[in-house]
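Between the sequences and the hints, there should be enough to build the whole structure, so can you do that?
One-letter residues, chain by chain:
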Amino acid sequence: AQTVTQSQPEMSVQEAETVTLSCTYDTSESNYYLFWYKQPPSRQMILVIRQEAYKQQNATENRFSVNFQKAAKSFSLKISDSQLGDTAMYFCAFMKGRDDKIIFGKGTRLHILP
Amino acid sequence: DTGVSQDPRHKITKRGQNVTFRCDPISEHNRLYWYRQTLGQGPEFLTYFQNEAQLEKSRLLSDRFSAERPKGSFSTLEIQRTEQGDSAMYLCASRATATENTEAFFGQGTRLTVV
Numbered sequence: 001a002q003t004v005t006q007s008q009p010e011m012s013v014q015e016a017e018t019v020t021l022s023c024t025y026d027t028s029e030s031n032y033y034l035f036w037y038k039q040p041p042s043r044q045m046i047l048v049i050r051q052e053a054y055k056q057q058n059a060t061e062n063r064f065s066v067n068f069q070k071a072a073k074s075f076s077l078k079i080s081d082s083q084l085g086d087t088a089m090y091f092c093a094f095m096k097g098r099d100d101k102i103i104f105g106k107g108t109r110l111h112i113l114p
Numbered sequence: 001d002t003g004v005s006q007d008p009r010h011k012i013t014k015r016g017q018n019v020t021f022r023c024d025p026i027s028e029h030n031r032l033y034w035y036r037q038t039l040g041q042g043p044e045f046l047t048y049f050q051n052e053a054q055l056e057k058s059r060l061l062s063d064r065f066s067a068e069r070p071k072g073s074f075s076t077l078e079i080q081r082t083e084q085g086d087s088a089m090y091l092c093a094s095r096a097t098a099t100e101n102t103e104a105f106f107g108q109g110t111r112l113t114v115v
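Chains as they are written, first to last, in the numbering used here: chain D, 1 to 114; chain S, 1 to 115.
Rather than coming from a laboratory, the hints here were simulated on the basis of the structure.
Please read these numbers as outputs of a predicted model, since none were measured by experiment.
Ideal Cβ positions, reconstructed from N, Cα and C, are used throughout, including at glycine.
A few of these clues could be false.
As the list claims (entries may be wrong) - These stretches of chain D come out as covered by chain S in the derived footprint (C-beta under 8 Å, 3 or more residues):
| id | region |
| --- | --- |
| 1 | 39-51 |
| 2 | 89-98 |
| 3 | 102-113 |
Have a look at this one:
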């Protein structure tokens with residue numbers, strides 16, 4: 001069974017700093033999808049960024065980028081120039097195939113400090 | 001398109017009562033997921049549907065839980081004989097599998113408190 005591990009329960013950084021959230025996963029599949037979802041306090045979960053395992057190039061979405069290390073089964077999220085609105089729970093997630101279920105990690109609570 | 005809608009947003013029930021939650025996915029989204037999330041934890045998979053077909057149900061899910069999606073549009077999640085351990089946020093998500101877009105869209109959830 002696939003598992004997703006986030007080893008940082010909570011992190012705090014100053015506004016405008018760069019922060020990296022870690023995620024590792026376990027799978028025997030060769031093709032799969034990885035995601036980072038953001039859940040702001042009392043608000044619904046939204047997708048931040050996604051990565052297809054067959055793509056070697058790391059995904060980037062504005063201030064958000066990933067470091068995808070397929071051999072190490074690592075998928076970290078980097079947030080550059082952090083903003084107060086980035087304060088949220090961040091979940092790393094895995095999907096075996098396009099038609100499969102999504103498995104989530106336990107999350108990292110990120111605080112951006114003014 | 002108003003996004004994924006869940007009803008009710010909050011539910012307080014006495015132990016032993018049955019509860020039913022509703023999820024209205026984004027129209028034309030054929031895939032619908034149910035998750036349970038407890039405080040400070042990640043969403044735990046419960047079950048998912050492709051149109052009206054239930055594809056998988058978590059082995060961790062008690063027989064007291066049942067879900068259906070009768071016409072391939074909205075879905076209901078029922079919990080029978082609720083227990084205090086059922087207290088959690090129940091999340092619904094939907095996506096369209098016919099496209100290359102793998103993004104799942106989540107509702108705001110139904111928070112269940114069993115007293």
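Taking the hints in turn, this is what the structure says about them:
1. Counting residues of the region 39-51 of chain D whose CB lies closer than 8 Å to any CB of chain S gives 6, so the stated coverage by that chain holds, three being the minimum.
2. Only when three residues or more bring their CB closer than 8 Å to a CB of chain S does the claim for the region 89-98 of chain D stand; here the count is 3, and the claim holds.
3. Requiring three or more residues with a Cβ within less than 8 Å of a Cβ of chain S, the coverage given for the region 102-113 of chain D holds, as 7 such residues are present.
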